[in-house]
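Asker: Sequence:
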Amino acid sequence: MTIEQQRERTITQRRIGTIPLRQGIVRNTNTGDNGEMEDLMNIVFKDGAYRPVQLPKKLYDYKSGWYFITKHQTADYTNWIGYDLTNHQIKLFDWSSTVETVICDLTGTGVTVSGIKCLKNYLLIITSGGLLTYLYVDDTYKSISLTPIDKDAIS
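FYI, my numbering numbers position 87 of the sequence shown as 87, with every residue one higher than the one before it.
Keep in mind that a hint or two might mislead.
[Said to hold, decoys possible] Below, simulated PhoX-like cross-link-like pairs (lysine-lysine); rule was C-alpha separation at most 20 Å, straight line:
hint, residue 1, residue 2
1, 71, 91
2, 71, 142
3, 120, 71
4, 117, 142
5, 142, 91
6, 71, 57
7, 57, 46
8, 71, 117
9, 120, 91
10, 120, 142
11, 91, 117
[Stated by the list, open to error] Okay, the calculated beta carbon distance ranges per label pair:
hint, residue 1, residue 2, range
12, 145, 45, 43 to 49 Å
13, 74, 115, 16 to 22 Å
14, 77, 48, 28 to 34 Å
No wet-lab data here; the hints were simulated from the structure.
All residues carry an ideal CB built from backbone N, CA and C; glycine is no exception.
The whole structure should be built from the sequences, with the hints applied where relevant.
Answerer: Shown next as structure tokens:
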């Protein structure tokens, strides 16, 4: 395929809306009819429209000595959860007021945290000692225990 054929194919794709989506910096040059874009740079197609690619914005300073900072968000609330390596505690913290509330104290237990996951109103803390589960109710995280279902009792 010649360069001219590739250019015509690209122009045709643009006219019928079949341009493949790309990520990052995008630069497309067009030498088409009047009124068409001559140069398209740092634009991506997102949510049905062309939008500018912007540099990421720094929202918060990362807390040193913390691990697994996770955003627990639903339609009703947004909580930031992290593992404080210094005190071995899972904490809920507020970026604006720097208030920290201990959810789970792992001091002296000898377990290591390998992950924090959020699912709806549940907070799951994956440790070397097992799974710790918490339910977010009345603006606090309450520890709950999950018991396995006995298959024989169901049938």
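Asker: Now look at each hint and say whether the structure bears it out.
Answerer: Consistency of the hints with the structure:
no. : hint                 : verdict
1   : 71 x 91              : holds (12 Å)
2   : 71 x 142             : holds (18 Å)
3   : 120 x 71             : holds (12 Å)
4   : 117 x 142            : holds (15 Å)
5   : 142 x 91             : holds (13 Å)
6   : 71 x 57              : holds (17 Å)
7   : 57 x 46              : holds (18 Å)
8   : 71 x 117             : holds (9 Å)
9   : 120 x 91             : holds (18 Å)
10  : 120 x 142            : holds (14 Å)
11  : 91 x 117             : holds (14 Å)
12  : 145 x 45: 43 to 49 Å : holds (48 Å)
13  : 74 x 115: 16 to 22 Å : holds (20 Å)
14  : 77 x 48: 28 to 34 Å  : holds (29 Å)
Of the numbered hints stated above, none is contradicted by the structure.
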